[in-house]
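Chain by chain, the residues run as shown.
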Amino acid sequence: MSLDAIFLSLRLAITVSLLLLIVSLPLAYWLAFTQWRGKFLLESIVALPLVLPPTVLGFYALVAMGPRGVLGKFWTVVLGHPLAFTFSGLVIASLFYSLPFAVQPLVASFESLDRRLLDASAILGASQVRSFLRIVLPLSWPGVITAVVLSFAHTLGEFGVVLMVGGNLPGITRTISIDIYDRTQALDYAGAHQTALLLLLVSFIVLSIVYGINRRVWSPWPHR
Amino acid sequence: MVTMATPLEATTLSVDIRKRLAAFELQIQHEFTVGFTVIFGPSGSGKSTLLDCIAGLMKPDVGRIDLGLSPFFDAARQFSLPPQKRHIGYVFQSLALFPHLSVEENIRYGLDTLREEERREKVGRVLGDFHIEQLSGRKPAELSGGEKQRVALARSLVTLPQLLLLDEPLTGLDAGLRRAILEDLRSWNAAHRTPILYVTHNRDEVDAIGERLITMEGGRLGQSGAPRNILDAPQTVALAQAAGFENLLGARVKTLRETDGVMRIVLEDGGTELEIPLAAVQAGEQVKVAIRAGDILVAVEEPRGLSARNVIRGTVESIEARGVLEVLKVQAGTLFQVHVTPGALRTLQLVPGKPVWLVVKTHSCHLVTQP
Numbered sequence: 001m002s003l004d005a006i007f008l009s010l011r012l013a014i015t016v017s018l019l020l021l022i023v024s025l026p027l028a029y030w031l032a033f034t035q036w037r038g039k040f041l042l043e044s045i046v047a048l049p050l051v052l053p054p055t056v057l058g059f060y061a062l063v064a065m066g067p068r069g070v071l072g073k074f075w076t077v078v079l080g081h082p083l084a085f086t087f088s089g090l091v092i093a094s095l096f097y098s099l100p101f102a103v104q105p106l107v108a109s110f111e112s113l114d115r116r117l118l119d120a121s122a123i124l125g126a127s128q129v130r131s132f133l134r135i136v137l138p139l140s141w142p143g144v145i146t147a148v149v150l151s152f153a154h155t156l157g158e159f160g161v162v163l164m165v166g167g168n169l170p171g172i173t174r175t176i177s178i179d180i181y182d183r184t185q186a187l188d189y190a191g192a193h194q195t196a197l198l199l200l201l202v203s204f205i206v207l208s209i210v211y212g213i214n215r216r217v218w219s220p221w222p223h224r
Numbered sequence: 001m002v003t004m005a006t007p008l009e010a011t012t013l014s015v016d017i018r019k020r021l022a023a024f025e026l027q028i029q030h031e032f033t034v035g036f037t038v039i040f041g042p043s044g045s046g047k048s049t050l051l052d053c054i055a056g057l058m059k060p061d062v063g064r065i066d067l068g069l070s071p072f073f074d075a076a077r078q079f080s081l082p083p084q085k086r087h088i089g090y091v092f093q094s095l096a097l098f099p100h101l102s103v104e105e106n107i108r109y110g111l112d113t114l115r116e117e118e119r120r121e122k123v124g125r126v127l128g129d130f131h132i133e134q135l136s137g138r139k140p141a142e143l144s145g146g147e148k149q150r151v152a153l154a155r156s157l158v159t160l161p162q163l164l165l166l167d168e169p170l171t172g173l174d175a176g177l178r179r180a181i182l183e184d185l186r187s188w189n190a191a192h193r194t195p196i197l198y199v200t201h202n203r204d205e206v207d208a209i210g211e212r213l214i215t216m217e218g219g220r221l222g223q224s225g226a227p228r229n230i231l232d233a234p235q236t237v238a239l240a241q242a243a244g245f246e247n248l249l250g251a252r253v254k255t256l257r258e259t260d261g262v263m264r265i266v267l268e269d270g271g272t273e274l275e276i277p278l279a280a281v282q283a284g285e286q287v288k289v290a291i292r293a294g295d296i297l298v299a300v301e302e303p304r305g306l307s308a309r310n311v312i313r314g315t316v317e318s319i320e321a322r323g324v325l326e327v328l329k330v331q332a333g334t335l336f337q338v339h340v341t342p343g344a345l346r347t348l349q350l351v352p353g354k355p356v357w358l359v360v361k362t363h364s365c366h367l368v369t370q371p
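If you read the sequences in order, they're chains U and H. The first sequence: position 124 = 124 (our numbering), numbered continuously. The second sequence: position 6 = 6 (our numbering), numbered continuously.
Everything labelled a hint here was simulated from the structure, so no lab data went into it. One or more of the hints may lead you astray.
[As the list claims (entries may be wrong)] If you only want the chain U side, here are some residues facing chain H, beta carbon under 7 angstroms, derived: (1) Glu111; (2) Leu113; (3) Arg115; (4) Ala120; (5) Leu124.
C-beta: ideal position from N, C-alpha, C; glycine also.
Construct all of the structure, not just a fragment, from the sequences and the given hints.
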């Protein structure tokens, strides 16, 4: 078992799921309540990683982060070094990759709220932000937990995007799934098995927690 | 210098709006003055939409809404005051208490801008006014129906709104509790003179409030006046149903007797003839006649020497106890619904299959002129 890879994956998953929460809360709130007709476009973009092969996403991420890509150029100018094949690059690519797993449970949770509660809050003089903090968020905590846990678990296990954007630098971009792949290629089945089993267990536990909390929020299973 | 106490300026809510809805167009032009105005109409008549427009939760297509001198909405200027700034109270049918907050937290929610002592003092006072001090720490899920309704009212009133919108806030309460809460509301209104729009389709609530009433149907306001005058002579079928007329019978006008102020009609089913008050219709015209189940008398022998003009022979078809009422279905060509007391049921030994005579006074029959 490669502890380096495990710690790196955990660091990546924690960073990404927390950043995603910050990004997804306002995005999901807007998606849940906007009357804008074009909202399906944004919904489609958010959902893209669900259907795209990770290599496709990874490819475009790599191009954008490369020395000639917009993001890569910007990064080099501001921070003095390129973005591709770094931990930050991994984080940025993973944000896109795991976005639907954070946004969809939140949208489902916000949409299931009784709108009259928000109306009542507005009539009582509360601003949108206050309504969000005092009413929407406290009543949506199962959705919030589901979003964090799913994006954590999803980032923990990603392979294609990491391989494309991060390569395979020990301690920097070599995550668990890359490590498993490497060991299998090197016929180190025992080592690969240890890590794989760990990932399997963690994923199972995480999903048990989510579905144990509730299944109303986004899930591939029909409603109970 | 002596300053005279200036009388509180009466703020009138003036509404002149149109809004296209799926089923019909909401079209309202009305001035709501200080005090209760009951808006009475069947469900789906646009009552809640009207309240939502006044509250700023929905935007009318055209028109304007003003409360006293402050504009709420003006389509011509593309102006709409956000609901946060309208400073009104709105109690929804669902009450919309915040389920994760205690009674006290619910009530102080709208007092955000005040200093802490002032907040505490106001919340304490309103808890007392509405007799809910002992509930302050509870969550809405731990309250009874009546308690929830009190909390919802208290939450709105503690903000001293300039206008109060109530959407069937007392539905499902028993008469005693409803009267007590209405009493609280009335004394509140005596101190704070605001317009109160009270929406309902419940006849009992109308009777309990007993002030100005205006009917609403198909997105438009209709008759207005004292509740009794309007609800005892509803002009449309939907209103007659909402006002509690159990018998709504299709009929054809047979003859008019202008000198007696009456006319004879023939019921569509069974051909029974009834004498009803004269109205502006012509012989041969199709009409509907509304009769309350409680206005029909039952006799087990053929009655003679009565002033009532309509005596109809029939047979008891079914009897169903509903609280302190016995609901009789009597087949007399047409199926009539009749209410009697349990005592009358026993004395007359009414059972299904028994022949009876129904007695209906001419003026218990109300012609419903509009569909």
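Taking the hints in turn, this is what the structure says about them:
1. Checking Glu111/U against chain H: minimum C-beta separation of about 17 angstroms lies over 7 angstroms; hint violated.
2. For Leu113/U, the interface hint is violated, the least distance from its beta-carbon to any beta-carbon of chain H being 10 angstroms, above 7 angstroms.
3. Using the Cβ-Cβ criterion of 7 angstroms, the hint placing Arg115/U at the interface with chain H is not satisfied: the shortest such distance is roughly 9 angstroms.
4. The beta carbon of Ala120/U is positioned within 7 angstroms of a beta carbon in chain H (closest approach about 4 angstroms), and the interface hint is therefore held.
5. The beta carbon of Leu124/U comes within 3 angstroms of a beta carbon in chain H, closer than 7 angstroms, and the hint placing it at the interface holds.
Hints 1, 2, 3 from the earlier list are contradicted by this structure; the remaining hints agree with it.
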